[in-house]
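4 protein chains.
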Amino acid sequence: MKIAILNGGGDCAGLNAVTRAVVLRAENYGWEVLGIRYGWDGFLRSDVIGLSFEQVENLVGVGGTILKSSRTNPAKRPDGFNTIIENSKKLELDAVICVGGDDTLGVAAELYKRGLKVVGVPKTMDNDLSSTDYTFGFDSAVNEAVHAIDNLRTTAESHDRVFVVEVMGREAGWVAAYAGIASGATLTIVPEEPFEVEKVVSFVKERIGRGHGATIIVISEGATLSNARIDNDGKLDEFGHPRLGGIAQYLAEQIERATKHDTRVAVLGHVIRGGSPSAFDRVLSTRFGIAAVELVREGKFGTMTSLRGTKIVPVSLEESASKQRLLDPEILLTMKILSH
Amino acid sequence: MKIAILNGGGDCAGLNAVTRAVVLRAENYGWEVLGIRYGWDGFLRSDVIGLSFEQVENLVGVGGTILKSSRTNPAKRPDGFNTIIENSKKLELDAVICVGGDDTLGVAAELYKRGLKVVGVPKTMDNDLSSTDYTFGFDSAVNEAVHAIDNLRTTAESHDRVFVVEVMGREAGWVAAYAGIASGATLTIVPEEPFEVEKVVSFVKERIGRGHGATIIVISEGATLSNARIDNDGKLDEFGHPRLGGIAQYLAEQIERATKHDTRVAVLGHVIRGGSPSAFDRVLSTRFGIAAVELVREGKFGTMTSLRGTKIVPVSLEESASKQRLLDPEILLTMKILSH
Amino acid sequence: MKIAILNGGGDCAGLNAVTRAVVLRAENYGWEVLGIRYGWDGFLRSDVIGLSFEQVENLVGVGGTILKSSRTNPAKRPDGFNTIIENSKKLELDAVICVGGDDTLGVAAELYKRGLKVVGVPKTMDNDLSSTDYTFGFDSAVNEAVHAIDNLRTTAESHDRVFVVEVMGREAGWVAAYAGIASGATLTIVPEEPFEVEKVVSFVKERIGRGHGATIIVISEGATLSNARIDNDGKLDEFGHPRLGGIAQYLAEQIERATKHDTRVAVLGHVIRGGSPSAFDRVLSTRFGIAAVELVREGKFGTMTSLRGTKIVPVSLEESASKQRLLDPEILLTMKILSH
Amino acid sequence: MKIAILNGGGDCAGLNAVTRAVVLRAENYGWEVLGIRYGWDGFLRSDVIGLSFEQVENLVGVGGTILKSSRTNPAKRPDGFNTIIENSKKLELDAVICVGGDDTLGVAAELYKRGLKVVGVPKTMDNDLSSTDYTFGFDSAVNEAVHAIDNLRTTAESHDRVFVVEVMGREAGWVAAYAGIASGATLTIVPEEPFEVEKVVSFVKERIGRGHGATIIVISEGATLSNARIDNDGKLDEFGHPRLGGIAQYLAEQIERATKHDTRVAVLGHVIRGGSPSAFDRVLSTRFGIAAVELVREGKFGTMTSLRGTKIVPVSLEESASKQRLLDPEILLTMKILSH
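Residue numbers (my numbering), protein chains in the order written: chain A, 22 to 361; chain B, 22 to 361; chain C, 22 to 361; chain D, 22 to 361.
Hints in this document: simulated from the structure, not taken from any laboratory.
Worth double-checking, as some hints may not be accurate.
One copy or two, it doesn't matter: identical chains are merged, so the pair holds either way.
[To be verified] EDC-like mimics (lysine to aspartate or glutamate), calculated; alpha carbons at most 16 Å apart, straight line:
{"no.": "1", "residue 1": "Lys332", "residue 2": "Asp154"}
{"no.": "2", "residue 1": "Lys332", "residue 2": "Asp349"}
{"no.": "3", "residue 1": "Lys357", "residue 2": "Glu315"}
{"no.": "4", "residue 1": "Lys332", "residue 2": "Glu351"}
Please put together the full structure from these sequences, using the hints given.
The following block contains the structure:
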């Protein structure tokens, strides 16, 4: 047997641990493993390297991906899918393990329909795939966000200052919600529930009135204003997003203008995406890597690995890859209960 | 309404986050909250303090427990259960939230049978309660263990040395298994599967033969020898435990004697139990605290909070409290696959 | 004896450890200690609290300042200096320990000339005071910056991406230089040496040509362009600073435009200022706190504590407070040697 | 030019950063660099590898040593020194950079006398070399120790428990002193000042009497009892060291016996030695590496790099290598002031 592994989309903590586990388990079975570099882009160019356990042995705790990644989508290339299937034949691959988010897995599902023997492994630091309880990369990102917010809190309290902290999350607010709950944020704002600036301003004023100048507001980059049409003096687009500078910057300016209270912005961005994976992510990605090899061995192509409770189970790639999972009501309620 | 909260057994990361969430949610409902100090011992002595959100607001990331804890068991005190029920009446408590491991929750179940309005919150860094997918404190401990083992690895590799690393876990090997998987240990030994020293020695020798002198063996404190009777020159008891010095010390001596290879011991012990909780544990303990108050409000006494998949659900205290959960087969298999 | 302590300027890691050490040492001598809240602002309003060791015992590792701080300068208030001297008399203070950067210490020097019995403790995370080898807060900030850059590196390498990382430092580049050296940055740019965009672009192109797309450039917020007049299409001011968006943003845009290579910005800002102090800073601030009390006891007013080699020595407040220390030639040379 | 670098003695954080800086600086000058593996042992066997910057580029933050190390002393091998000088000629080395503690540097000094062109770089996590203000590895170890003690403190306080924490340090107490000061230990005991068990017991009893059951005692492994002859019931040797189990274990048993108060031991050992270096150690080791190459270039053989204040200066190998530096009086006094 000869299999290949590729990583698509943005990097996140745990990718190398998947590769390590795949190579180790495949070597147990006497299989050869190729690494396709730069995701689909590398597959289109047959940019591959051989992988031995020796090479990947020490990678369980190393962030990023030694296979490198890209956001190339073969659907947007002329004859992209066929080129990949051709290259797969030339490379004599018996199966391909695709590690990625909804885009990568959507391509994998399409290639499976076209005859490629594919197994998927879900990956997104956003944790917003409906087909699995958790994705690796998320727990690491939340821990990094909490560390950063714990740091900001000491400054907020020393100067009775408001901090608006922006974290990744376009449509789903998992990182903001977990980071907000875990860091004891005074308020957390997510895309699932559009907000009103006036209410946030009142909330901050009420806190100042109680002598609590220090305030930490955690907000997803994709949060939107519910009453954008009214507020809008040209700074917001039709979806209630600021045209320039990000939602945290916009909100901080509004708070400072309305309260005259010192208000700062921190955009956590890429800092929380990279770095060494947390223990949870190292274990999950290792289990996913082993499970992916087992799925190949059992001939269960067109599936992807998934965490359900404490079990790793296969789910259909086609049905699962693209379904987004928004924050569930209990977490939304928890966030509200914790506003203070 | 007037409720009380107590912590029993060993401290672990997340206890203060439970207290914080309980107080905040109870204040939402206008309830009064008492903190019982030193677990059942404090209940026997009515050692209580009032708790306001102001006091606990900043505790989500603080390790240990401000309520303090003890291992006192009222069953072993003359008239212990009655004293507690009496004190509960004197304090005019409408409900008691008991946060603890199987001992504490077993007492809570007994008190519920005797009429006390009790809700439980499971807590053990050992993660070995069958009634919940995860307990808080476990993820923090595993992250600390992985950090320590990552450190030890650099020394092991610089000197081609064997390290035998002992972590907590008397009957169940969760901490060892997760720490071993996450740190890329070369071998992990847990109580669920008694081991033979000869096989470990062969494993180490085989590695040295391949030029891999650096070896990390993670072992639960409760691991036992399968062939203790044969090995035993008086150093082991009838259960295959060393009489003195711990299992890691015993194994390291055997390895060094048999291989002549430099072998060291690291007992992680309390260092991984304490400290600031991980994000996962902060979120889980906060959700448990809120859920416990909801159970009180709904009158669902005699239950405890439990994590099932991504949901918090109530389970019966009597049925659940004392059932231990050993490592499941997939994790045991993962550990074996990863031996290298 | 009755003494007071105040913190001025931005918070940094170690302030609470100074307070703790001052209170402990003063209690050894049987003195009373007041904490003046909000720096000079609080002194103008006699906003003081009593301080006992019980209150500050556990603060050695706690970031921020429980005394809170402000940037108020009494020189800019009508009768500001006199008010402070009056309040000092009303509070019956025998001495005041002022912890702060050049602004705060400049005020302290002026008050000393006007008769106040003052001892200073230098504090700035910028490390740019000429009167001491190191200031506390700096080591903690550098460690946090290195942690963030270590994280960014994994993403840079996974995507062959350029990151421009901005850290604090208006006129002196200590944080950038140390963070750049310690994180293995490919290039570090500091205010001490104005730079040319063209040279940075050539540097990045040369790296890409060698197959090294991943590049980490660390830059101080106060870095300037040496040939600003030529480059300037209105985006730069007369000092070679971008009018909008910061120097990292400006440089990243220029690199991306000239190289067509994916280039991102990370502004570390307040995240690296706060949080629990490093061991180095905890020790230095504790030693400074004790030394400040000894200076009071010895009647050496008008001085401040200073680290020289491994010794704590007093230096004159007037001569020392305002002298800025730029990066020394060896560190500048080290940065250049490490460009690669 | 062709130079070699070797690491001797125990590993510590920063060794790889020295290697990286040496290779980079040597490549600037067009020199070839060999890595001698396993310290003097490898030199005796001519076990060398070529080193390019490509290989070491990413090692600034990696713990341990890729050159590996040993404690072999050529003085104890027949014809050891001559073999090394012979091998140096066969390898056509123009200079050797020796990175190590007093043993390694003592050998280097001897080889210099015998004609080898040697430059030294001091290394010990114990920080006890008189010829330099700080050695790299020390700051990292202290930070790890403080992290561990911060964790233990939460458990100590939750259970009103005494912890006796043992850290490395045979003759000098630098790690204990800095870790004790930085972690807010209630008592710190170092080899420089032999102690009496009775006084420690009184100290703990006095704390319990004040309602402070939680106590953290930090002790160097090499601490001794001052009145060993009196105390001794055969458990102590003539130097006041326990014959079995370590000084922390001995002290904890004495405290528990005398106070009946729950007392635990934590031996931090190798956990604090390894791992990724702190920013301070990364900068210092990089500066030392560059400086060592400059010393070679300037022909200043028989010297070693040294930190004096903020400067790197050369000192004589012969005079400096073996002089141990004990804790200075100010640090000893600081420890005493902080006992509480």
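So which of those numbered hints doesn't the model satisfy?
No numbers; nothing is violated.
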